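All chains should be built: construct the whole structure from the sequences, respecting the hints.
Here the protein sequences line up with chains A and B, keeping their order.
Note that full-length UniProt numbering has the first sequence beginning at 1, numbered continuously upward.
Note that full-length UniProt numbering has the second sequence beginning at 1, numbered continuously upward.
No lab work stands behind these hints: they were computed from the structure.
Predicted model only: the values in this text are computed from it and were never measured.
A virtual CB, placed ideally from N, CA and C, is assigned to each residue, including glycine.
Wrong hints could be hidden among the right ones.
Simulated restraints on C-beta separations [to be verified]:
#, chain 1, residue 1, chain 2, residue 2, range
1, B, Arg8, A, Leu23, 54 to 64 Å
2, B, Ser161, A, Leu23, 51 to 61 Å
3, B, Val207, A, Pro204, 25 to 35 Å
4, B, Ser5, A, Ile203, 24 to 34 Å
5, B, Val274, A, Leu85, 50 to 60 Å
6, A, Glu51, B, Val181, 53 to 63 Å
7, B, Gly68, A, Leu262, 42 to 52 Å
8, B, Val184, A, Leu85, 34 to 44 Å
9, A, Leu23, B, Phe336, 49 to 59 Å
10, B, Ile353, A, Ile203, 54 to 64 Å
11, A, Leu23, B, Val360, 36 to 46 Å
12, B, Val181, A, Tyr60, 41 to 51 Å
13, B, Val207, A, Ile203, 53 to 63 Å
14, A, Ala178, B, Val207, 50 to 60 Å
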Amino acid sequence: MTAVPQPTVAAPPRRVGGAGRVLTYFLLIVAALFFLIPIYLVFATALKTPESIELATAWYWPAQLNWASFSEAWDKVGGNMLNSLFLAVVATLLSALLGSLNGYALSKWRFRGANTLFALMLFGMFIPYQAVLIPLFQFIKALGLYGSIWGLILAHVVYGIPITTLIFRNFYADVPDALVEAATIDGAGFWEIYARVIFPISIPGFVVVIIWQFTQVWNEFLFAATLTNTGSQPVTYALSQLAGGQAVSWNLPMAGAILAALPTLLVYIVLGRYFVRGLLAGSVKG
Amino acid sequence: MKRLSKDRLWAIAVLTPSILLIGIFVYYFIGRTIYVSLTDWGNDPAQALALNPIIRWVGLQNYSELFGGFLQGRFRQELVNTLFFTLFFILGCLGVGLGLALVLDRNPKGEGLWRTIFLFPMSLSFIVTGTIWRWMLQPQGGVNQAPTLLGGQPSTFAWLSSNDSALKFDWNALPLITASVVGVVLIVVAVRAAREVNRARMLVAAVCAALLIGWAVLIGPRVKMLPTPELHGFNFAIIGIIIAAVWQMSGYTMALYLAGLRGIPEELREAAKVDGSNDSQMYRHVIFPLLSPITLSAMIILGHISLKIFDLVYAMAGPDNVAASVPALNMYLTSFRQNQFALGAAIGTILLILVAFVIVPYLANQFRGEEGHA
Numbered sequence: 001m002t003a004v005p006q007p008t009v010a011a012p013p014r015r016v017g018g019a020g021r022v023l024t025y026f027l028l029i030v031a032a033l034f035f036l037i038p039i040y041l042v043f044a045t046a047l048k049t050p051e052s053i054e055l056a057t058a059w060y061w062p063a064q065l066n067w068a069s070f071s072e073a074w075d076k077v078g079g080n081m082l083n084s085l086f087l088a089v090v091a092t093l094l095s096a097l098l099g100s101l102n103g104y105a106l107s108k109w110r111f112r113g114a115n116t117l118f119a120l121m122l123f124g125m126f127i128p129y130q131a132v133l134i135p136l137f138q139f140i141k142a143l144g145l146y147g148s149i150w151g152l153i154l155a156h157v158v159y160g161i162p163i164t165t166l167i168f169r170n171f172y173a174d175v176p177d178a179l180v181e182a183a184t185i186d187g188a189g190f191w192e193i194y195a196r197v198i199f200p201i202s203i204p205g206f207v208v209v210i211i212w213q214f215t216q217v218w219n220e221f222l223f224a225a226t227l228t229n230t231g232s233q234p235v236t237y238a239l240s241q242l243a244g245g246q247a248v249s250w251n252l253p254m255a256g257a258i259l260a261a262l263p264t265l266l267v268y269i270v271l272g273r274y275f276v277r278g279l280l281a282g283s284v285k286g
Numbered sequence: 001m002k003r004l005s006k007d008r009l010w011a012i013a014v015l016t017p018s019i020l021l022i023g024i025f026v027y028y029f030i031g032r033t034i035y036v037s038l039t040d041w042g043n044d045p046a047q048a049l050a051l052n053p054i055i056r057w058v059g060l061q062n063y064s065e066l067f068g069g070f071l072q073g074r075f076r077q078e079l080v081n082t083l084f085f086t087l088f089f090i091l092g093c094l095g096v097g098l099g100l101a102l103v104l105d106r107n108p109k110g111e112g113l114w115r116t117i118f119l120f121p122m123s124l125s126f127i128v129t130g131t132i133w134r135w136m137l138q139p140q141g142g143v144n145q146a147p148t149l150l151g152g153q154p155s156t157f158a159w160l161s162s163n164d165s166a167l168k169f170d171w172n173a174l175p176l177i178t179a180s181v182v183g184v185v186l187i188v189v190a191v192r193a194a195r196e197v198n199r200a201r202m203l204v205a206a207v208c209a210a211l212l213i214g215w216a217v218l219i220g221p222r223v224k225m226l227p228t229p230e231l232h233g234f235n236f237a238i239i240g241i242i243i244a245a246v247w248q249m250s251g252y253t254m255a256l257y258l259a260g261l262r263g264i265p266e267e268l269r270e271a272a273k274v275d276g277s278n279d280s281q282m283y284r285h286v287i288f289p290l291l292s293p294i295t296l297s298a299m300i301i302l303g304h305i306s307l308k309i310f311d312l313v314y315a316m317a318g319p320d321n322v323a324a325s326v327p328a329l330n331m332y333l334t335s336f337r338q339n340q341f342a343l344g345a346a347i348g349t350i351l352l353i354l355v356a357f358v359i360v361p362y363l364a365n366q367f368r369g370e371e372g373h374a
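Structure below.
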């Protein structure tokens, strides 16, 4: 079992001096350039007019900023962004709720075979979705949900169950059993304990799960490409269409990429600590 | 304690919908996919979208088509692409991630900001990343123009459209290569078991190794999957996709390693210092061994991501760039563009088997220790 400690542990006061210090900052700057240069190029391209985009001058900052790229890109992907927003919010809330109840049941009311059951559930999070795609497509179609956003929501809720259950199960594992036992002695049952003891302390768990699921659903592409049609396509699909077209000049896909990236990027920058927790939860059990 | 109280029944009742959903959407659907992969659904275009298609059982014919059929060379190259992609992607992420974590572990000023910079690509979708890097890797585009900023000549490397490749081998030699590699691994296992005086494991590993290598020497060279030699290798067209994937995912390994480094008690480092070891000795003998479980987890998680990778390739190389394609993309195109459902299902099943090799031992290992006190 790999037990990776939480990254919130305070850094010990250990500083390196002299030449090592210069090397440290040199390496940091080189690495930061690797990560940030694509962002510079995206903005430099998005803010150019189509006529001034030439491969030879890709690196130059535009002489005249062309903000119209963004409104043009919005015309092409704005509706899809609203689809994505609805999809991500509904799917995230539903799977967070399911995950919270599952995690509570699995960690506080353990029964024989609970771990095997949980492991079988977790397998669903790692499978390549190509291995279920054809039956999923037929199923959604048979339900009459093909091309509707609700078919996509159903898929995301179901395939989100493993990770949300995992995060909540680990989160509740840290809640002392004594709390539950005390409530049992007071005569509280399954639902009362959930409502009065567990749910009120679940806010950090919900934050982690909601951020993680929102990001996953917003960024997902395979289901989006398979289960939707023109009216319900989320933004990832619209962006791939926008960038794939040969005739479009490059400022549009770049502006579209910025628009499509903005919601999850903002969430990450504002709530990065919780984002990292969700990230680590996917690979280790706490 | 284990009595079946009302509350415990509630717990099971709460879990039931999820269990049913996972049962249907994961296990039943996998079963369906495997079944479809053993039929001929869609091989005749007229039947593919018929209301009541005539579907016949063909056994493993789709699989033998994929591995040895004249028309499916694309799939075989994709399998090889996935292999090289996985290898270099994991190495890249582990290297960059460990390097960043070690530098950040020296507590530079503004650590939070650096970390945010290194990790932000993780919050983007592969489609966004792919769109950005596709632009940067255009034949005369950003990356190839970069040398001119320093006064050099522009590079002419065809990042996504290159037809060059290295490490080519004949597909017919694949069983031979596989048997030899697995045989060598088993020999290593046997030697290690012998050292640990684990006789049972040593014998099993040694016998399996002998059988495999014997097969490889005696029968392997005569196995022919294709009538003529077919060369596959490491296509240079996927280098750019590997770089983009490392750009996106190395922050993840950094976060894992950093968490691990922060979890190593300061006393251990102090003790190593007191024992007279210098920095590099301390890392080699104290820190890195403690990080090896993290390396293993990271390899498994990254490995299964890279076997499944689809959107990044779609966004960067496009659906019809055969040189840079992967099986996950082929599955989507075969099933939903050409409506060859049975063949697509076979590719999906192969992907599942590859991922299961990585994931099932991992999950089993994670839960074996706990089942005792459930």
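Each hint, compared with the structure:
no., hint, in the structure
1, Arg8(B) with Leu23(A): 54 to 64 Å, "59 Å, holds"
2, Ser161(B) with Leu23(A): 51 to 61 Å, "38 Å, violated"
3, Val207(B) with Pro204(A): 25 to 35 Å, "53 Å, violated"
4, Ser5(B) with Ile203(A): 24 to 34 Å, "29 Å, holds"
5, Val274(B) with Leu85(A): 50 to 60 Å, "57 Å, holds"
6, Glu51(A) with Val181(B): 53 to 63 Å, "55 Å, holds"
7, Gly68(B) with Leu262(A): 42 to 52 Å, "48 Å, holds"
8, Val184(B) with Leu85(A): 34 to 44 Å, "53 Å, violated"
9, Leu23(A) with Phe336(B): 49 to 59 Å, "51 Å, holds"
10, Ile353(B) with Ile203(A): 54 to 64 Å, "41 Å, violated"
11, Leu23(A) with Val360(B): 36 to 46 Å, "43 Å, holds"
12, Val181(B) with Tyr60(A): 41 to 51 Å, "50 Å, holds"
13, Val207(B) with Ile203(A): 53 to 63 Å, "57 Å, holds"
14, Ala178(A) with Val207(B): 50 to 60 Å, "53 Å, holds"
Of the numbered hints given earlier, the model fails hints 2, 3, 8, 10; all others are met.
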